[in-house]
Structures are given as structure tokens and as C-alpha cells.
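Generate coordinates for the entire structure from the input sequences, incorporating the hints supplied.
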Amino acid sequence: MNARWKPNVTVAAVVERDGRFLFVEEQKRAGLLINQPAGHLEPGESILDAVRREVLEETAHTFEPQHLLGIYLAPGPEDIAYLRFTFSGTLGEFDATRTLDDGIVGTLWLTPDEVRAQRARHRSPILEQCMDDYLRGVRYDLGILQTHPALTGGQGNT
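Residue 46 in UniProt numbering is what sits at position 46 of the sequence shown, and the numbering runs on without skipping anything.
Please keep in mind that the hints were generated in silico from the structure rather than gathered at the bench.
Errors might be hidden in some of the hints.
The calculated EDC-like cross-link candidates involving lysine to aspartate or glutamate, where the alpha carbons are at most 20 Å apart (straight line), are [claimed, not checked]:
1) K28 x D102
2) K6 x D79
3) K6 x E57
4) K28 x D101
5) K28 x E57
6) K6 x E45
7) K28 x D79
8) K28 x E78
9) K6 x E42
Here it is, written out as C-alpha cells:
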């Protein structure tokens with residue numbers, strides 16, 4: 001009997017300010033790569049809580065999602081696939097005392113042209129597509145996302 005295929009669920013944030021987009025630089029085996037603040041959904045959290053946590057852990061900024069940009073299925077290394085929920089939203093307060101996640105070197109604010117010029121450094125094959133969807137005005141209401149309270153300790157869709 002074959003095992004059921006299960007993509008890894010991830011979240012990401014597209015944050016734009018004055019024509020520049022927020023990215024993190026991350027040290028990986030392949031070198032110093034760029035990505036939107038992103039990471040894995042953890043047990044016991046809603047998808048919205050996951051993106052808030054990941055932005056905080058990778059940038060030391062709070063983040064409040066405002067729209068879903070899209071749900072993307074993309075290849076990862078080896079036989080891994082990622083089901084990525086990407087959000088746009090508002091970047092909040094910066095906590096200078098916070099240590100960033102392992103491997104995160106820092107943050108960058110890049111123009112779309114600067115992002116395109118660095119395709120060899122993209123950590124995710126859909127990084128540019130998410131940014132382009134934002135630029136095209138793609139936005140979905142967050143109400144489309146539902147989390148059963150049994151999965152989040154009774155909190156539901158926060």
C-alpha cells in the first residue's frame with residue numbers, strides 16, 4: 001500500500017512599502033537566499049496565527065494579515081511539495097530585542113526589478129509570482145479561511 005502524499009503547509013507574507021517589498025535573507029546550503037517572510041504551519045495554530053508568528057520570528061516585526069493573495073502548490077527539494085498560503089497585510093512594531101530565526105541574516109526592502117534581477121537567489125520558485133499577484137491587485141477576503149476550534153484549542157479562526 002502506498003503512503004498518502006501530503007504537501008507541507010506553509011505561510012508567507014508579502015509586505016509592500018513605498019514601492020519596495022520586504023524580504024528576508026537566509027543562509028542555506030545553497031548560499032545566501034532571499035524569500036518573503038515565510039514558514040511552516042505548526043500544530044495547534046490557525047493559518048492566520050502562523051503567518052503572524054513567522055513574520056515576527058523572521059523580521060522582529062508584528063504583522064497583521066489583511067488579505068489572502070493566493071494558495072500556491074510548488075515544488076521543494078527532493079520529493080517535497082509546499083502548499084503555501086500567501087498574505088498581504090500591515091507590518092507593525094519592531095522589537096529590537098528579538099533574536100531572528102536561525103539562518104535569517106536580516107531583512108531587505110527591494111523593488112520588483114531588484115527582486116527579478118536576483119532570481120538565482122530566490123529560495124522559493126513562487127516568490128516572484130506572489131509579488132506579481134500582489135502588484136496585479138489580487139486580494140481575497142480572509143473570511144474564506146476557516147479553522148475548526150478543535151485544532152486550535154477552542155480559539156477557531158484567529
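Worksheet item: Going straight from one Cα to the other, do K6 and E42 come out at no more than 20 Å?
Response: holds (15 Å)
Worksheet item: Given the hint that K28 pairs with D79, does the C-alpha gap stay at or below 20 Å?
Response: holds (18 Å)
Worksheet item: Taken at face value, is the distance from the CA of E57 to the CA of K28 at most 20 Å?
Response: Measuring from Cα to Cα gives roughly 17 Å; hence the hint holds.
Worksheet item: Would the pair K6 and E57 pass a check requiring their Cα atoms to be no farther apart than 20 Å?
Response: violated (25 Å)
Discussion item. Hinted pair, alpha-carbon criterion (20 Å max): K6, E45. Please report holds or violated.
Written reply: holds (18 Å)
Worksheet item: Taking 20 Å as the top limit, are the C-alpha atoms of K28 and D101 close enough?
Response: Status holds; Cα separation ~13 Å.
Worksheet item: Quick one, are K28 and D102 close enough, alpha carbons at most 20 Å?
Response: With a Cα-Cα distance of about 10 Å, the restraint between K28 and D102 holds, given a limit of 20 Å.
Discussion item. Next pair to validate is K28 with E78; report whether the Cα-Cα distance is within 20 Å.
Written reply: Roughly 15 Å between the alpha carbons, so the hint for K28 and E78 holds.
Discussion item. Check the hint pairing K6 with D79 against an upper bound of 20 Å on the C-alpha distance.
Written reply: holds (11 Å)
This entry does not satisfy hint 3, going by the numbered hints stated previously; all others are met.
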